[in-house]
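Residues per chain, in single letters:
4 protein chains.
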Amino acid sequence: MAQWDRFLTERDKGVLAVWGKKDHDEFGQRPALLLVDVYYGSVGHERKPILESIRDWPMSCGLEGWAAVDRMVGLVAAARKNAVPLIYVRGMPSFPSDPSRVIERGKSKRRVDHLPAEVRRLDNEIIGEVAPREGDIVLGKTAPSAFNGTPLLHYLRQTGIDTLIICGESTSGCVRASVLDAQALRFKIGIVGECCYDRIEASHWINLFDMHQKYGEVIDVAGAATYFGSLGTPS
Amino acid sequence: MAQWDRFLTERDKGVLAVWGKKDHDEFGQRPALLLVDVYYGSVGHERKPILESIRDWPMSCGLEGWAAVDRMVGLVAAARKNAVPLIYVRGMPSFPSDPSRVIERGKSKRRVDHLPAEVRRLDNEIIGEVAPREGDIVLGKTAPSAFNGTPLLHYLRQTGIDTLIICGESTSGCVRASVLDAQALRFKIGIVGECCYDRIEASHWINLFDMHQKYGEVIDVAGAATYFGSLGTPS
Amino acid sequence: MAQWDRFLTERDKGVLAVWGKKDHDEFGQRPALLLVDVYYGSVGHERKPILESIRDWPMSCGLEGWAAVDRMVGLVAAARKNAVPLIYVRGMPSFPSDPSRVIERGKSKRRVDHLPAEVRRLDNEIIGEVAPREGDIVLGKTAPSAFNGTPLLHYLRQTGIDTLIICGESTSGCVRASVLDAQALRFKIGIVGECCYDRIEASHWINLFDMHQKYGEVIDVAGAATYFGSLGTPS
Amino acid sequence: MAQWDRFLTERDKGVLAVWGKKDHDEFGQRPALLLVDVYYGSVGHERKPILESIRDWPMSCGLEGWAAVDRMVGLVAAARKNAVPLIYVRGMPSFPSDPSRVIERGKSKRRVDHLPAEVRRLDNEIIGEVAPREGDIVLGKTAPSAFNGTPLLHYLRQTGIDTLIICGESTSGCVRASVLDAQALRFKIGIVGECCYDRIEASHWINLFDMHQKYGEVIDVAGAATYFGSLGTPS
Numbered sequence: 014m015a016q017w018d019r020f021l022t023e024r025d026k027g028v029l030a031v032w033g034k035k036d037h038d039e040f041g042q043r044p045a046l047l048l049v050d051v052y053y054g055s056v057g058h059e060r061k062p063i064l065e066s067i068r069d070w071p072m073s074c075g076l077e078g079w080a081a082v083d084r085m086v087g088l089v090a091a092a093r094k095n096a097v098p099l100i101y102v103r104g105m106p107s108f109p110s111d112p113s114r115v116i117e118r119g120k121s122k123r124r125v126d127h128l129p130a131e132v133r134r135l136d137n138e139i140i141g142e143v144a145p146r147e148g149d150i151v152l153g154k155t156a157p158s159a160f161n162g163t164p165l166l167h168y169l170r171q172t173g174i175d176t177l178i179i180c181g182e183s184t185s186g187c188v189r190a191s192v193l194d195a196q197a198l199r200f201k202i203g204i205v206g207e208c209c210y211d212r213i214e215a216s217h218w219i220n221l222f223d224m225h226q227k228y229g230e231v232i233d234v235a236g237a238a239t240y241f242g243s244l245g246t247p248s
Numbered sequence: 014m015a016q017w018d019r020f021l022t023e024r025d026k027g028v029l030a031v032w033g034k035k036d037h038d039e040f041g042q043r044p045a046l047l048l049v050d051v052y053y054g055s056v057g058h059e060r061k062p063i064l065e066s067i068r069d070w071p072m073s074c075g076l077e078g079w080a081a082v083d084r085m086v087g088l089v090a091a092a093r094k095n096a097v098p099l100i101y102v103r104g105m106p107s108f109p110s111d112p113s114r115v116i117e118r119g120k121s122k123r124r125v126d127h128l129p130a131e132v133r134r135l136d137n138e139i140i141g142e143v144a145p146r147e148g149d150i151v152l153g154k155t156a157p158s159a160f161n162g163t164p165l166l167h168y169l170r171q172t173g174i175d176t177l178i179i180c181g182e183s184t185s186g187c188v189r190a191s192v193l194d195a196q197a198l199r200f201k202i203g204i205v206g207e208c209c210y211d212r213i214e215a216s217h218w219i220n221l222f223d224m225h226q227k228y229g230e231v232i233d234v235a236g237a238a239t240y241f242g243s244l245g246t247p248s
Numbered sequence: 014m015a016q017w018d019r020f021l022t023e024r025d026k027g028v029l030a031v032w033g034k035k036d037h038d039e040f041g042q043r044p045a046l047l048l049v050d051v052y053y054g055s056v057g058h059e060r061k062p063i064l065e066s067i068r069d070w071p072m073s074c075g076l077e078g079w080a081a082v083d084r085m086v087g088l089v090a091a092a093r094k095n096a097v098p099l100i101y102v103r104g105m106p107s108f109p110s111d112p113s114r115v116i117e118r119g120k121s122k123r124r125v126d127h128l129p130a131e132v133r134r135l136d137n138e139i140i141g142e143v144a145p146r147e148g149d150i151v152l153g154k155t156a157p158s159a160f161n162g163t164p165l166l167h168y169l170r171q172t173g174i175d176t177l178i179i180c181g182e183s184t185s186g187c188v189r190a191s192v193l194d195a196q197a198l199r200f201k202i203g204i205v206g207e208c209c210y211d212r213i214e215a216s217h218w219i220n221l222f223d224m225h226q227k228y229g230e231v232i233d234v235a236g237a238a239t240y241f242g243s244l245g246t247p248s
Numbered sequence: 014m015a016q017w018d019r020f021l022t023e024r025d026k027g028v029l030a031v032w033g034k035k036d037h038d039e040f041g042q043r044p045a046l047l048l049v050d051v052y053y054g055s056v057g058h059e060r061k062p063i064l065e066s067i068r069d070w071p072m073s074c075g076l077e078g079w080a081a082v083d084r085m086v087g088l089v090a091a092a093r094k095n096a097v098p099l100i101y102v103r104g105m106p107s108f109p110s111d112p113s114r115v116i117e118r119g120k121s122k123r124r125v126d127h128l129p130a131e132v133r134r135l136d137n138e139i140i141g142e143v144a145p146r147e148g149d150i151v152l153g154k155t156a157p158s159a160f161n162g163t164p165l166l167h168y169l170r171q172t173g174i175d176t177l178i179i180c181g182e183s184t185s186g187c188v189r190a191s192v193l194d195a196q197a198l199r200f201k202i203g204i205v206g207e208c209c210y211d212r213i214e215a216s217h218w219i220n221l222f223d224m225h226q227k228y229g230e231v232i233d234v235a236g237a238a239t240y241f242g243s244l245g246t247p248s
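Protein chains in written order, with our numbering: chain A, 14 to 248; chain B, 14 to 248; chain C, 14 to 248; chain D, 14 to 248.
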């Protein structure tokens, strides 16, 4: 998990030796699994290396994205097995885009007319390998964070959820934004690092590092499964 | 400004060559200058290298923090000269801390009893070089973002401000969180990179890079001053 | 419009003679029309007096509700004629209900099994007379206010809307809650009194009175149409 | 408590006979007492009938306000005795006012220059009879609701509070707005009716009625004290 070390400077390591996070954050009794922006546009509709995939899908994270999705299958299964609620967020279909916003540039570029309509239609669709089932929560959002402008907080409050286990795309974008709001709202947070993905390697690893130092615990699928299994099926 | 390049991988550069940000974000007609967490605890009460300074002040960013503050003096002057409103945010004094939160660990560690009371008292005080004046807005906050749990949005709305020029500490913490909320709320955003500072070099540069790619325009003091000067004194 | 007078006490009139609102609130240059909870469950699927209608539809406002909807037809037409954006909000379909909440009691009572499925299905559907068209915004909500837990603010910010003209159901419930948030967020507000409706007459009139005194201007359809017409078609 | 009945129409009573609230809302295990806008300007600095008091203090609720404050003394004592946290909210001192807002009209009128400076200074001060003590939370606000633009939610989340017992001024203004946000955020709510006050009698009673029907349970001081006493001192 210390793969972020290769991006740190020697001075950074010196600072961390003194004040870096050493203990583990505790989780609560009622978690939910939050899957952020796991839509086809984030990996492309075919499994290709990123530099190839972005020719068709500008936001694609390529094979590393697909690898994260494949690991997510086990994470989703562990959540379902232990009756942990699943919450999916992704861009709200049909919400008007904001041409003046930086974040929209990618979207406008994303309209790749050479793709057949039935492929283009996949863009905002949740990836089949980890698709939601009846009873899961699926929310549309209009900002990076899963909280800002959505009823996520209402759902978490009315169900008594105290812990969010978070994964998805991009590590440095919507995952990071969702973690920030979850922390401001005093939820306990686990980030499943190997189920997060990003187009930029440096951003992926440094954002995982930042979140681990400041806001939550970066864990792996096995750690999440062990945690879910330790709870007993909620009544 | 491309000092972040040294943290990017070769593959990252390949992705950016295709889809990286190439044009400049536009700013609006009514900016405010937002100074985030420019308090003594973020640099220490004396100018010392970071590895020395953190012995007394665990959150200190050391000499690089002081250099950013020194550059901020010119930024603040340019804002005042052009009647651009100044808004300061920092931790709300007397708000009860939350011992279960990750972010609080640093704070608990920060209670360094060996410092004299009159020095310790400086911790949450805004640094004298850029101190607020009569008529500036000073807001307390209880989460990383300058927006979450504060009346900042109310102020920006009632004054018609459309652009936030942001600086302060830490680049990867409260600056980043404030930029995220500003973007979600559809403000135009400039981040004065050379007036932001962070304890971790990799986090500083990669967070500037992330914000520049996704949420706003990283500029320098000269660019901010030129922008402020171009507006004419607001009526 | 002073129909609320009959609910005020003599002492109230004495207080208002001194400090009651006397001037008119100004509106801005870019309004939107917000239609709150104009769904069949709020009036029933047939036009019947309230005491009859509530046998089938517990939340029904009866004939007074239908009369408000009929007046809303002209309001909607005036908005469309002048290219004023229309925004509809109503309960988010498929969001899990919260059995512990007071507000849900009505909903649980609303499951009237004696109605045919094709009639019951109308409950959360927007009333045909004022139905949304292609290009209108339709948002689901999970709390009384049109803002709380929705992307309404994002939409208003990105389109530069400064004024909300509000109508719908119930005057004392979701209309009032939406007006309160609009005011906190510093929008200019018009409430089209004759296009608001409520199951309780006293609540209808006193809530209109409260909103007029504190948060916005209670106007009629003619006043709204005149305002819309005065703007020129927005570019 | 059914003093609101005198404001209801006969038809209202018919509707309520069928669908009005009949059972009692449950409270939770960890309440806080929220005192809204209990500042001198809301009652005046001397105990006078409202029509006399408003000559000096435009927002004054007169003797009925003072009577509510006097009853609040027992409510506050019951909270302290049972270690229930007390939270005070009132206008944020030094936040710039918004001249375009309806709600500000009263404030501008409130600048009554004929009062001596030491009396005028009392305006935004919390009334001595129920003044906060060391350890209480005191928050400034810039909108009617105790939540909007304040860190109240952060505090409630980090302390695990699930129930708000609310009182203060005005029933139809800041109390109602705070109740609405508390309900949207899924807190359990008690409104101490006899410790709420308002300049307008009809608004006072109909707003209590509305809140009781939709959002929480209107109780009296004795009921609140019994509830607080039933909890055992929190660990």
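There's no promise every hint is true.
For identical chains, the list gives no copy identity; a pair is met inside one copy or between any two copies.
What the hints assert, rightly or not - For lysine-lysine, the following BS3-like pairs were computed, each having C-alpha atoms within a straight-line distance of at most 30 Å: (1) Lys94 x Lys26; (2) Lys61 x Lys26; (3) Lys61 x Lys35; (4) Lys61 x Lys34.
Hints in this document: simulated from the structure, not taken from any laboratory.
Any of the earlier hints contradicted here, and which numbers?
-> 1
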